[in-house]
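Undergrad: Sequence:
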Amino acid sequence: MQGSIDRRGFLLGGVTLAAALASSRGARAQGGSALAVKSVERLAGSATSYAYAVKAGPWLFLNGHEAYDFERGLAPDVEGPAGNRLSGRPPLRREADYILGRMRTILREFGSDLANAVRLDQYYTTGSAVSAYHLARFAEFGAYIPPSTSIIMERCFSARANIHTSLIAIVPGPGWTLEKVAFPGEPLSPSGYTPAVAVNDFVFVAGNQALQDGRLAPGVEVPATSRWQGETSFRRQVHYVIRQRLAPSLQAAGSSLEQSLKAQAYVRGVENIPEFLDVWAQYFRDIPCALTVVPAKDYSSSESMLEINVIALKNNAARRKQVVEVAVPPLAAWGPCVRAGDLVFPSGLMAVGRDGLVPSVEHAAALDGLSLRGQAQGAMVLSYAEAVCKAAGVSMRNVLRTQYFLTDIRDFAGVSAAWSDRYGKQPHPFAAVQVPGPLPPSGACLVGDFWIYAGS
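Take this note's numbering: the last position of the sequence shown gets the number 456, and nothing is skipped along the way.
Worth double-checking, as some hints may not be accurate.
The list that follows gives simulated cross-link-like pairs (lysine-lysine, BS3-like), each with its CA atoms no further than 27 Å apart [claimed, not checked]:
no., residue 1, residue 2
1, K321, K390
2, K180, K321
3, K390, K425
4, K180, K390
Ranges of calculated distance between the beta carbons of each label pair, as one might list FRET restraints [stated by the list, open to error]:
no., residue 1, residue 2, range
5, D113, E386, 32 to 42 Å
6, E362, S158, 37 to 47 Å
7, G192, P218, 50 to 60 Å
8, S158, N84, 16 to 26 Å
The set of hints was computed from the structure by calculation and includes no laboratory data.
The C-beta atom is built at its ideal place from N, Cα and C for all residues, glycine as well.
Build out the structure end to end from the sequences listed, making use of the hints.
TA: What follows is the structure, given as structure tokens:
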């Protein structure tokens, strides 16, 4: 299934956005190849080779963008004058402007633009960062903001960053134009994003919470004075999001829950993950849908306890949903691996072996100077991703993005070492943020969420 692939790397040099523009001119030299990569060989001067943008067929993945220069590290445009960072534009707005400006530059080099984005994943450290980013987002995107997921996490990849953004877009062409879908009977969100879009056979639904007009929907909240009242508020929120948010959005886009391909669920409190999985199974036990579950710190409403987004096929799609059988231990993922045409969606992968245990937990604690925990768990997760690629008939060169959700961002050094050990200088298409710990498997430090292209 894998044809001849010409992968090209491009450096994003310079510290200013103008320099970034000048250094990415070579992106158009793709010829007819299915995959093209923009990368920097030594991220911020480190030994990590980083793929910050990947094109696969009509798809564009911009991965893990934060407001620092990929080649040199901290960007003067963002940092501001030494000793006086508060001068000029507000620092959080400088971050947002830098990220979105660079994204637009990269998309244009691939023959696309922000107007062709189908999904935004955004992670923040504070609510004030969200507000600053939204102002910049309105300025850059204009009237159309794609389906969006916005979650507050413990920290971004860089300790100086407050905004972490990844984006999926298309290169427009025959059969590849966006159709905006409004949520039935609801006004547009105050933050302006489109609830869902359809493109070709696919539907992208924004992250949804159990809210109406910014507050918990009627019947979802359990009064604080109640000792018990049937299901908990958390379980009610899960039911509400699936039944009253996801299902109607899919229906409005000409799809349905049965056509769901991949969902990401951000859950407040690790103790609530078993409850989430129990309710999820009531709807999806007989519906194959890849599932990634991630702990989250906070949401747009302090009353919310989860947010879920989903990708699906249209009911009349030419592509068909297939379950990819992969020899991964059952406790390493909470859902199946699903394929739809040239896209493969594994569920979130954790480093749990066939014995049900996380590898090298005791040794990792004793040898933390080696980042052994990240390396051992990263190697196991990558081996599972390799099994997925093998089952799909492609190699790890066809990974478009890996989202790493780590309980300690410093463990990424070990993950990066595991990648380099297996794939050498092959650019690593990652996005990484720190989530609240712990994860359900004892000693686990990461969830790896892989997006894979199976075209030729």
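Undergrad: All the hints need checking, so say for each whether the structure fits it.
TA: Now the hints, each set against the structure:
Under the criterion of a C-alpha separation no larger than 27 Å, the hint pairing K321 with K390 is consistent with the structure, at around 18 Å. Our distance criterion of 27 Å between C-alpha atoms is met by K180 and K321, whose separation comes to about 23 Å. At roughly 21 Å between alpha-carbon atoms, K390 and K425 fall within 27 Å of each other, so this suggested pair holds. Between K180 and K390 the alpha-carbon distance is near 35 Å, which puts this suggested pair outside the 27 Å criterion.
Hint check: D113 to E386, Cβ distance near 34 Å, so the stated range 32 to 42 Å holds. The beta-carbon spacing between E362 and S158, approximately 31 Å, falls outside the hinted interval of 37 to 47 Å. Take G192 and P218: their Cβ atoms lie about 25 Å apart, and the range 50 to 60 Å is violated. Our hint of 16 to 26 Å for S158 and N84 holds, since their Cβ atoms are close to 21 Å apart.
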